[in-house]
Amino acid sequence: KNQVEQSPQSLIILEGKNCTLQCNYTVSPFSNLRWYKQDTGRGPVSLTIMTFSENTKSNGRYTATLDADTKQSSLHITASQLSDSASYICVVRAGSQGNLIFGKGTKLSVKP
Amino acid sequence: DVKVTQSSRYLVKRTGEKVFLECVQDMDHENMFWYRQDPGLGLRLIYFSYDVKMKEKGDIPEGYSVSREKKERFSLILESASTNQTSMYLCASSLGGRDHRGLRTEAFFGQGTRLTVV
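In order, the protein sequence lines correspond to chains B and W.
For the first sequence, our numbering assigns the number -14 to the initial residue and increments by one for each residue that follows.
For the second sequence, our numbering assigns the number 354 to the initial residue and increments by one for each residue that follows.
There could be a bad hint or two in this list.
[To be verified] Restricting the straight-line Cα-Cα distance to at most 25 Å, the calculated cross-link-like pairs of lysine-lysine (PhoX-like) are:
hint: 1; chain 1: B; residue 1: K42; chain 2: B; residue 2: K56
hint: 2; chain 1: W; residue 1: K408; chain 2: B; residue 2: K(-14)
hint: 3; chain 1: W; residue 1: K356; chain 2: W; residue 2: K406
hint: 4; chain 1: W; residue 1: K423; chain 2: W; residue 2: K410
hint: 5; chain 1: B; residue 1: K(-14); chain 2: W; residue 2: K410
hint: 6; chain 1: W; residue 1: K371; chain 2: W; residue 2: K410
hint: 7; chain 1: W; residue 1: K371; chain 2: W; residue 2: K423
hint: 8; chain 1: W; residue 1: K408; chain 2: W; residue 2: K423
hint: 9; chain 1: B; residue 1: K89; chain 2: W; residue 2: K410
Don't read these hints as lab results, they were simulated from the structure.
From a predicted model like this one, the values you see are computed outputs, not experimental measurements.
All chains should be built: construct the whole structure from the sequences, respecting the hints.
What follows is the structure, encoded as structure tokens:
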């Protein structure tokens, strides 16, 4: 069964600190993996996309990594800001014509 | 800039009412999707459409129907709302169509409709 598991479920960090969110997936065949950011009460917005051949992708203070062998991805946030408080959702596409498989998200709270 | 617009941010409806949730996208996308999002469950696909008048069931279609009469508009219909349909509903669109969903196509989401059925 295609699944995407995210950890931790929730995380509280102080402003200015770094953090790393994890995503493990059992999706076959793998097409691509996206990280979305979802602010409270809003729709998700894409941060990065990674295909099978890509190991690292950056978007400002966000850096995503992908290890296709172990089927793991991480999202690293550098020098966190209060505006980073949101849910981060890992989404894997199953095959080039497949549906999106969503993780349940990690809720990040950045405190001053 | 891609824009996916849902007609309401918040809705309160009574049990048994027929409810229409509307979604419009302005980027000429072939694919449109309806998800619901509940705490601890993440996003679950209700229905999607890859072309006008075409629709396919997602993971949880029971109690819902959809309509796609025009390419830019995708409606979700709750025929007889029930309290277990209280949820956040998210519409999304992407390029592609049925046979070309694309390797890198991104799903763009609307702002969500929080529906409460009382």
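Checked hints:
Of the supplied pair hints, the one linking B/K42 and B/K56 holds, its CA atoms being roughly 16 Å apart against a limit of 25 Å. Distance restraint check for W/K408 and B/K(-14): the Cα-Cα separation of roughly 24 Å lies within the 25 Å cut-off, and the hinted pair is therefore satisfied. Between W/K356 and W/K406 the CA atoms are separated by roughly 21 Å; this keeps the pair inside 25 Å, and the hint holds. Our distance criterion of 25 Å between C-alpha atoms is met by W/K423 and W/K410, whose separation comes to about 19 Å.
At most 25 Å may separate the alpha-carbon atoms for a hinted pair to count; B/K(-14) and W/K410 meet this at roughly 18 Å. With a C-alpha separation of about 20 Å, the suggested pairing of W/K371 with W/K410 holds against the 25 Å cut-off. In summary, the hint linking W/K371 to W/K423 is supported, as the alpha carbons are separated by about 21 Å, within the 25 Å threshold. Taken as a hint, the W/K408 and W/K423 pair is honoured in the structure, with Cα atoms around 12 Å apart against an allowance of 25 Å.
Of the supplied pair hints, the one linking B/K89 and W/K410 holds, its CA atoms being roughly 21 Å apart against a limit of 25 Å.
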